[in-house]
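For reference, the chains in residue letters:
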Amino acid sequence: MRIVVLMKAVPDLVEEIELTADETGIDREFLKFVVSEWDAQALEEALLVKDAAGADVVAVGLASDPDIDQALYTALAKGADSAVKVTGGEETMLTGDRAALLAGYLAAEPADLVMTGVQAADDIDGQLPPMLAAHLGQPHVSVVVAVEAANGGVTVRQEFAGGLVHELAVQLPAVIGVQAARQAPRYAPITRIRQAMQAGGLREVTAAAATAAPAPTVRRMFRPEQASHAQMLTGSADDVATAIADLLRDRGLVKG
Amino acid sequence: MGGNVLVLAEHDGKQISDATYELLGAARDLAAALGGQAEVALFGPRDLASQLGGADVVVSVDHPALAEYLPEAYEQALTAVLAERSPRLVLMSTATAGLDLGAAAAVRWQAPLAAAVTKLEAAAGEIVATAQILGGKVLAELELPGERAIAAVVGGTYPAAAGQGAGTPEVVEVAPPAGLDRLRMSLVQVTEPPGGDVDITTADLLVSVGRGIESQDNVELVQELGDALGVPLSASRPVVDAGWLPKTRQVGKSGLKVKPKAYLAFGISGAPEHLEGMRDADLIIACNTDPGAPIFDVAHYGTTVDLFDLVPALTEKLGR
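Chains A and B, in that order, are what the protein sequence lines are. Residue numbering for the first sequence follows my numbering, starting at 185 and increasing by one per position. Residue numbering for the second sequence follows my numbering, starting at 7 and increasing by one per position.
No wet-lab data here; the hints were simulated from the structure. Do not take every clue at face value.
Now the in silico label distances, taken between C-beta atoms and shown as ranges [to be verified]:
| # | chain 1 | residue 1 | chain 2 | residue 2 | range |
| --- | --- | --- | --- | --- | --- |
| 1 | B | Val194 | A | Asp206 | 42 to 52 Å |
| 2 | B | Gln222 | A | Ala205 | 41 to 51 Å |
| 3 | A | Lys216 | B | Ala73 | 41 to 51 Å |
| 4 | A | Thr418 | B | Val204 | 26 to 36 Å |
| 5 | B | Glu132 | A | Gln415 | 38 to 48 Å |
Model, not experiment: these values are computed from the prediction. Here a beta-carbon is modelled for each residue, glycine too, at the ideal position from N, C-alpha and C.
Excised from the complex, chain A in its bound form (with noise of 0.2 Å):
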């Protein structure tokens, strides 16, 4: 079984966030990247079908992201078999065109599963998972916290709100959108990031895009507005316990 782990690197959220002058986008020249923590959940979920049933699982970038090398060395490092960085498109966050080109490069070269994340931070347009599946045909589930190879296809859970699962039998080709793999993603040691990058090995893949689908007209962005905020207690951890304290001993919610 192919597998292929659709990787995407985000502006990191911990980073302060700045608008383009004409505040249209993100000013992405000074942000750091991380690789999508859905997207680090899928690569963990393939890896463990790798190791339960045996599989090729091949991390795929798209080579405009910022950062793609160190995600898909680390993907690398981790236990991917292979990894890719697709090329023939502009740099972009809007999953729409990302859809497309990923298409492109999964006709030429097809997988039996496609593994993602659930969402990423920065859609705008819609969620990865199913515009592809829509491109490729094929059928999609999202919200997965499960996959298992099974009968030729696959098992995976679904989760809704509140936690009640449905599991599902699907046939492959597919498109899994992960929101958690099973375990907490694997860890890869520096030295191991390092030896995947000295022996090189991302693969560059020129795909063309099929048709996107259109998309929204950024008018502006934001930052919301604060309607209010929170009062800030500060001083020492001690004075702010205190504070804290005092504030739930008013309502009556701790005794003393």
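The hints should help you fit chain B onto chain A, whose structure is shown.
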């Protein structure tokens, strides 16, 4: 049909979900502004149409494959309904069905989609959506031009009451598409959430942890505070996804909605999905080292003191 707004209904086979009523309330206002009517696409048991008195039209597709939610079956039914009804705007939730179906419909129906929408305006045939990105740190104002569009609306954006009318909508049946008889997926079994754990929705006081807790060992530190107060720990999604606390403790869109008298949030940044589940708490006190964290916009009190200093100090003061 030019200005119709169509809502995708979510239900469990017996009850239409609150999210559907929220969307229907919004659909009524938008349809009025666009000169159309509010329609609801109902897949599966047709008798649920009696719960959709707030709609002008219920568009029903009924077939055994639609008895329970199945992504591919719903997608086939939605494709058929969109072709038949040609709405100007489709509204769906950002819950599991919305995540499955919205972006796929954008490709199959060739319509622009706005994800994570918190505001919709329609005037003179033009639709503008405001959407959250980057964990709620940025809002994007999006034009949805053309003759068709899709919006996935964040739960709680609109009140459910506005969609719970007592009218008698016209029920229009759409023939089940042939594809429903040759689906490439099937439902094997349904698992209810594990019971037996504490019920965080009934607690007066909740101590909640987020990504800032960094490791399972550190969860113990906050557990000591919870023990001292005699209250359960709850958590945001990353902590549950990491397996550090059970799913029964998750607050937010994919977890539970809570409304305690006080909610203490440690290391929770306040992603929109989390705020959806706790913003109605009477008192919210948040601790996060990032002064720009969105949690401070809903909290009544906040502090940027390191939680690893604050939690032990609180445990000492409140221990008994």
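Tested hints:
Between B:Val194 and A:Asp206 the beta carbons are some 51 Å apart, a value that agrees with the proposed interval 42 to 52 Å. Between B:Gln222 and A:Ala205, the C-beta spacing of about 44 Å keeps the proposed range 41 to 51 Å intact. Distance hint for A:Lys216 and B:Ala73: a CB-CB separation of about 48 Å, consistent with the stated range 41 to 51 Å. Distance hint check: the CB atoms of A:Thr418 and B:Val204 are about 33 Å apart, consistent with the given range 26 to 36 Å.
Checked against the given bound of 38 to 48 Å, the beta carbons of B:Glu132 and A:Gln415, roughly 40 Å apart, stay inside it.
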